[in-house]
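Undergrad: Based on the hints, put chains B and C in the right spot on chain A.
The primary structure of each chain is shown beneath.
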Amino acid sequence: MLSIRLYLAQRITAMLMAPLVLLHLGVMVYAIQGGLTSSEILGRTQGSLFWGLTYGLFVVALSIHAAIGLRVVIHEWFGLNESLLNWITYAITLLLLGLGGRAVYAVVMS
Amino acid sequence: MVEEGNTIKVLLSRGNDSGSTLKEYEVPAKESQTVLDVVTWIQRNLEPDLSYRFACRVGMCGSCAMTVNGKPRWTCRTHVSKVMDGETITIEPLRNMPVIKDLACDLNEFFEKWTKARGHFIPTKTRDDPIELISPKEKKRREANAGIECINCGVCYSSCDVVEQNDKYLGPAALNRAWTLINDVRDGGRVERLKAVTSEGGCQSCHSQQGCTTYCPNTLNPTRSIAGLKKAAFVATLKGEL
Amino acid sequence: MIKPHRNQPLWYAFMLHRLSGVALALFLPLHFYILGLALNDPESLDGMLLWTENPLVKFAEFGLVFLLAVHMFGGLRLLALEFLPWKSAQKTFAAAAVAIAFFVALVFLLRAI
Numbered sequence: 001m002l003s004i005r006l007y008l009a010q011r012i013t014a015m016l017m018a019p020l021v022l023l024h025l026g027v028m029v030y031a032i033q034g035g036l037t038s039s040e041i042l043g044r045t046q047g048s049l050f051w052g053l054t055y056g057l058f059v060v061a062l063s064i065h066a067a068i069g070l071r072v073v074i075h076e077w078f079g080l081n082e083s084l085l086n087w088i089t090y091a092i093t094l095l096l097l098g099l100g101g102r103a104v105y106a107v108v109m110s
Numbered sequence: 111m112v113e114e115g116n117t118i119k120v121l122l123s124r125g126n127d128s129g130s131t132l133k134e135y136e137v138p139a140k141e142s143q144t145v146l147d148v149v150t151w152i153q154r155n156l157e158p159d160l161s162y163r164f165a166c167r168v169g170m171c172g173s174c175a176m177t178v179n180g181k182p183r184w185t186c187r188t189h190v191s192k193v194m195d196g197e198t199i200t201i202e203p204l205r206n207m208p209v210i211k212d213l214a215c216d217l218n219e220f221f222e223k224w225t226k227a228r229g230h231f232i233p234t235k236t237r238d239d240p241i242e243l244i245s246p247k248e249k250k251r252r253e254a255n256a257g258i259e260c261i262n263c264g265v266c267y268s269s270c271d272v273v274e275q276n277d278k279y280l281g282p283a284a285l286n287r288a289w290t291l292i293n294d295v296r297d298g299g300r301v302e303r304l305k306a307v308t309s310e311g312g313c314q315s316c317h318s319q320q321g322c323t324t325y326c327p328n329t330l331n332p333t334r335s336i337a338g339l340k341k342a343a344f345v346a347t348l349k350g351e352l
Numbered sequence: 353m354i355k356p357h358r359n360q361p362l363w364y365a366f367m368l369h370r371l372s373g374v375a376l377a378l379f380l381p382l383h384f385y386i387l388g389l390a391l392n393d394p395e396s397l398d399g400m401l402l403w404t405e406n407p408l409v410k411f412a413e414f415g416l417v418f419l420l421a422v423h424m425f426g427g428l429r430l431l432a433l434e435f436l437p438w439k440s441a442q443k444t445f446a447a448a449a450v451a452i453a454f455f456v457a458l459v460f461l462l463r464a465i
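Chains as they are written, first to last, in the working numbering: chain A, 1 to 110; chain B, 111 to 352; chain C, 353 to 465.
One chain only, chain A, in its complex shape (with noise of 0.2 Å):
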């Protein structure tokens, strides 16, 4: 159900992300002051590697944490068994990584 591979993988994406979190968490409270619109939020990130990269490692870090805790969570709640749950730990990190990539290419890009 959780291997110890799959257990690290989690802890590891965990401590990546924390900087990254703190990092969002202060760019949604400074960036919120005001109101938001889309040209504000483009205007910063059109263009930028900076912010490419490091959305796009939290959306990689994130695709992976979510899956696994959300396949412990299904286990434990729904019992599924193992090839189901391995299913939809894959659908789950393909679709966050998926819909995340392409936000991030949105405000990066476009």
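FYI, nobody ran anything at the bench for these hints, they're computed from the structure.
Where hints are given, some of them may not hold.
[Claimed, not checked] Lysine-lysine pairs mimicking DSS-like chemistry, simulated, CA-CA at most 30 Å apart:
hint, chain 1, residue 1, chain 2, residue 2
1, B, Lys192, C, Lys355
2, C, Lys410, B, Lys278
3, C, Lys443, B, Lys249
4, B, Lys140, B, Lys192
5, B, Lys223, B, Lys278
6, C, Lys355, B, Lys223
7, B, Lys249, B, Lys349
8, B, Lys119, C, Lys410
[To be verified] On the chain B side, residues computed to face chain C include the following (Cβ under 8 Å):
hint, residue
9, Gly172
10, Gly180
11, Lys181
12, Ser269
13, His317
14, Gln319
15, Thr324
16, Asn328
17, Arg334
18, Ala337
19, Lys340
20, Lys341
[What the hints assert, rightly or not] Far from chain A by the CB rule (all over 12 Å, computed), these chain C residues:
hint, residue
21, Leu362
22, Pro394
23, Ala441
24, Ala447
25, Ala448
Yeah, the Cβ is synthetic: ideal placement off N, Cα and C, and Gly gets one too.
TA: Chains B and C only, in chain A's frame:
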């Protein structure tokens, strides 16, 4: 109020996994009465076929562990006056284990998991070798000593959500024992034991809820031991040992 | 109702961590979709951002910031528990995580309104 001359209302679980009910009894209140006293009184005076376990009745053996008002406890060390739920006390068998009958559980799986976690010492020396001198002040010995008073009573196992929801989970007692052995410098099975406690149902499944630590009657801290195992597993993985 | 044996602070800390994680995971696809509007439909993005000026939405955002912060600070407590030497003040740390997270979310809300 538990006073001499009064009676207390006791709800006792009768039956087994195929069907059990809470049966009500009136028991005379006595000063300094323990829950074990209550169960024994019921068996002797009202229900001769009541099944329950006890041995030392002085808080050393752990045999009398049951669920009292929802919490796992040693009944010989639980004063009725301290745990009364209004006028009632509810006594059920330990959670997370099959019920053989009434208040007696089957601890076989609990002990099998102890073995699965390699909770046994693997010697490296013979009687002809000199005795290994280990100071009780050494860090590893202190870590081991913090956990070795476990008497396999099953209270921690009974308090754990993960045990309840993940039938492969080895449980706090087995993992705690494995940790004490990993800290025993004389033991020869360190890597095998680390593999055992990181396989399916191993230490990685613990959520640090500390139910085990909250209810252990010997004031042990299995959560701490399991955290030690997690860190040891992390280091061993980095080294390629696992 | 919460079963009696679960009625202890660190079980609540566990449940808060789990529920905040699940809530964040469920929120993310929506969050990513809205940001993705910048790609082909920036007018819709601006429309969405305007809609979020609604006080109820601001309050929901406050909730989300709290959930993210409490999940992270609670998670830091767990990482410390698992990889650093044991500290017995776990209940204190768990309470501190909730308090700091609430403070961060409050600062967000006060700046937002």
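Undergrad: Work down the list of hints and note, for each, if the structure agrees.
TA: Evaluated hints:
Distance hint between Lys192(B) and Lys355(C) is fulfilled; the C-alpha atoms sit about 19 Å from each other, no more than 30 Å. Taken as a hint, the Lys410(C) and Lys278(B) pair is broken in the structure, with Cα atoms around 44 Å apart against an allowance of 30 Å. Our distance criterion of 30 Å between C-alpha atoms is met by Lys443(C) and Lys249(B), whose separation comes to about 25 Å. Distance hint between Lys140(B) and Lys192(B) is fulfilled; the C-alpha atoms sit about 13 Å from each other, no more than 30 Å.
As the CA atoms of Lys223(B) and Lys278(B) are separated by approximately 9 Å, the hinted pair is consistent with the 30 Å bound. Proposed proximity of Lys355(C) and Lys223(B) is supported: the alpha carbons are some 26 Å apart, at most 30 Å. Of the pairs offered as hints, the one joining Lys249(B) and Lys349(B) holds, with about 22 Å between alpha carbons and a cut-off of 30 Å not exceeded. Restraint check for Lys119(B) and Lys410(C): the C-alpha separation of about 53 Å exceeds 30 Å, so the hint is violated.
Hint on Gly172(B) is violated. Least Cβ distance to chain C is approximately 17 Å, over the 8 Å limit. Restraint check, Gly180(B) versus chain C: the minimum CB separation of about 3 Å is within 8 Å; hint holds. With a cut of 8 Å, the hint placing Lys181(B) at the interface with chain C holds, because the nearest CB-to-CB distance is about 5 Å. Of the supplied interface hints, the one on Ser269(B) holds, with its beta-carbon coming within about 5 Å of a beta-carbon of chain C, less than 8 Å.
Because the beta carbon of His317(B) sits about 5 Å from the nearest beta carbon in chain C, less than 8 Å, this interface hint is met. Taking 8 Å as the C-beta contact cut-off toward chain C, the hint placing Gln319(B) at the interface holds, the least distance being around 5 Å. Taken as an interface hint, Thr324(B) checks out: its beta carbon lies about 5 Å from the nearest beta carbon of chain C, inside 8 Å. For Asn328(B), the interface hint is violated, since its Cβ never comes within 8 Å of a Cβ in chain C; the closest pair sits about 16 Å apart.
Taken as an interface hint, Arg334(B) checks out: its beta carbon lies about 5 Å from the nearest beta carbon of chain C, inside 8 Å. Satisfaction of the interface hint for Ala337(B) is found here, the shortest Cβ-Cβ separation to chain C being roughly 5 Å, below the 8 Å cut-off. Taken as an interface hint, Lys340(B) checks out: its beta carbon lies about 5 Å from the nearest beta carbon of chain C, inside 8 Å. With 8 Å as the threshold, the beta carbon of Lys341(B) comes within range of chain C, its nearest partner Cβ sitting at about 5 Å, so the hint holds.
Every C-beta of chain A lies more than 12 Å from that of Leu362(C), the closest at about 17 Å, which supports listing it as non-interface. Residue placement check: Pro394(C) does not keep its beta carbon more than 12 Å from all beta carbons of chain A (closest about 5 Å). The Cβ of Ala441(C) sits about 20 Å from the closest Cβ of chain A, beyond the 12 Å cut-off, so the non-interface label holds. With a cut of 12 Å on Cβ distances, Ala447(C) stays outside the contact zone with chain A, its closest approach being about 20 Å.
With 12 Å as the threshold on Cβ separation, the claim that Ala448(C) sits away from chain A holds: the shortest Cβ distance comes to roughly 16 Å.
Figure legend: structure checked against the earlier numbered hints; hints not met, in rising order: 2, 8, 9, 16 and 22.
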